[in-house]
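**Student:** Sequence:
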Amino acid sequence: MSAPEIDASASGLADGTNDPVEPGSVQPDLTQAEIDRGQRLASVLFAFGKQQAAVAARMSKVGVDRSAVVLLKNLYVLGPSRASALAEAIHSDPSTVSRQVAALVKDGLVERRADPEDGRASLLAITDKGTALLERQRAGLALALSRMVRHWDSDDLDAFTTLFERFLADHATYLPQLITECAAYARSEGGKQ
1 MSAPEIDASA SGLADGTNDP VEPGSVQPDL TQAEIDRGQR LASVLFAFGK
51 QQAAVAARMS KVGVDRSAVV LLKNLYVLGP SRASALAEAI HSDPSTVSRQ
101 VAALVKDGLV ERRADPEDGR ASLLAITDKG TALLERQRAG LALALSRMVR
151 HWDSDDLDAF TTLFERFLAD HATYLPQLIT ECAAYARSEG GKQ
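Following UniProt numbering, the numbering of the sequence shown begins with 1 at its first residue and continues without gaps.
Hints in this document: simulated from the structure, not taken from any laboratory. It should be emphasised that the depicted structure is a prediction, and the values quoted were computed from it without experimental measurement. We put the CB at the ideal spot given by N, CA and C, even for glycine. One should not assume that every hint holds.
Derived DSSO-like pairs: lysine-lysine, alpha-carbon spacing no greater than 27 angstroms straight-line [unchecked claim]:
#, residue 1, residue 2
1, K61, K50
2, K129, K106
3, K129, K73
Label-pair distances were calculated between CB atoms; the ranges are [what the hints assert, rightly or not]:
#, residue 1, residue 2, range
4, C182, S60, 25 to 33 angstroms
5, Y76, G38, 28 to 36 angstroms
6, R112, V70, 17 to 25 angstroms
7, Y76, L143, 15 to 23 angstroms
8, F164, R66, 14 to 22 angstroms
9, A103, V77, 15 to 23 angstroms
10, E135, G38, 32 to 40 angstroms
11, F164, S188, 25 to 33 angstroms
Please build the complete structure, drawing on both the sequences and the hints.
**Tutor:** Structure, rendered in C-alpha cells:
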C-alpha cells in the first residue's frame, strides 16, 4: 500500500511549498536525505494537525471541548494533582488551566481535594463522571478509527501502530529540544546564521 499524496497547500507555508529548509542553510549534522525525510514528515504531521483541528472544531459544536478532554486524560493518568503540575503536563499556562478546570469542576467532571501534604493547597482529581466521559470518548474514537482503517491489511496496521508508538515515544523524549530548535530556527531567518 502506498502512502497518499499530501496536498501541498497542507504544508502550511504561504506559497504552498513543502520546502521550509532554505537551500544553503547550515545543517552540519544532517544529510540532505535526512532533511528531505524530515520535511516530508513535517508536511504529513501538519496535514494531520489540520484534520485534528477540524475534528476538534466540529466536536466543540456538539459540546465536546478538546481542551477539556486533554485535561481529563492527563488527570486520569497523573492521578490527583496540583493545577501547576497539570499545567506543566500539558505544556500550558497555569492561568489558562485554572479557567478550564473551573468549568470542569462546575460540570462535575473534576473535583478539588485538600492536599494531604499541604492543607493550604488543593489537588484536582477526575470524578467518576469525568472518567465515564473519557471512557465514552475513547470507545467512540476506537470505533471510528476501526471503521476508518478496516480496509487496511492487518500487518500494515500493526506495523503502522508499532512505528507510531515508537514515534510518539521519541517525540516525547525529544520534545524540549524540538521546541528549542524550532524556536531558534524561526528566529534565525531560516537557519542562516
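**Student:** Next, verify each hint and record whether it holds.
**Tutor:** To see whether the hints hold, each was checked on the structure:
Our distance criterion of 27 angstroms between C-alpha atoms is met by K61 and K50, whose separation comes to about 17 angstroms. Distance restraint check for K129 and K106: the Cα-Cα separation of roughly 12 angstroms lies within the 27 angstroms cut-off, and the hinted pair is therefore satisfied. At most 27 angstroms may separate the alpha-carbon atoms for a hinted pair to count; K129 and K73 meet this at roughly 13 angstroms. At about 27 angstroms, the CB distance of C182 to S60 agrees with the hint of 25 to 33 angstroms.
With their beta carbons about 33 angstroms apart, Y76 and G38 fall inside the hinted range of 28 to 36 angstroms. At roughly 19 angstroms, the beta carbons of R112 and V70 sit within the given window of 17 to 25 angstroms. Distance hint check: the CB atoms of Y76 and L143 are about 20 angstroms apart, consistent with the given range 15 to 23 angstroms. With their beta carbons about 20 angstroms apart, F164 and R66 fall inside the hinted range of 14 to 22 angstroms.
At about 20 angstroms, the beta-carbon gap between A103 and V77 stays in the expected band of 15 to 23 angstroms. In this structure the supplied range 32 to 40 angstroms holds for E135 paired with G38, their Cβ-Cβ distance being about 37 angstroms. Restraint check, F164 to S188: a C-beta distance of roughly 31 angstroms satisfies the suggested window 25 to 33 angstroms.
Hint compliance for this structure: no hint is broken.
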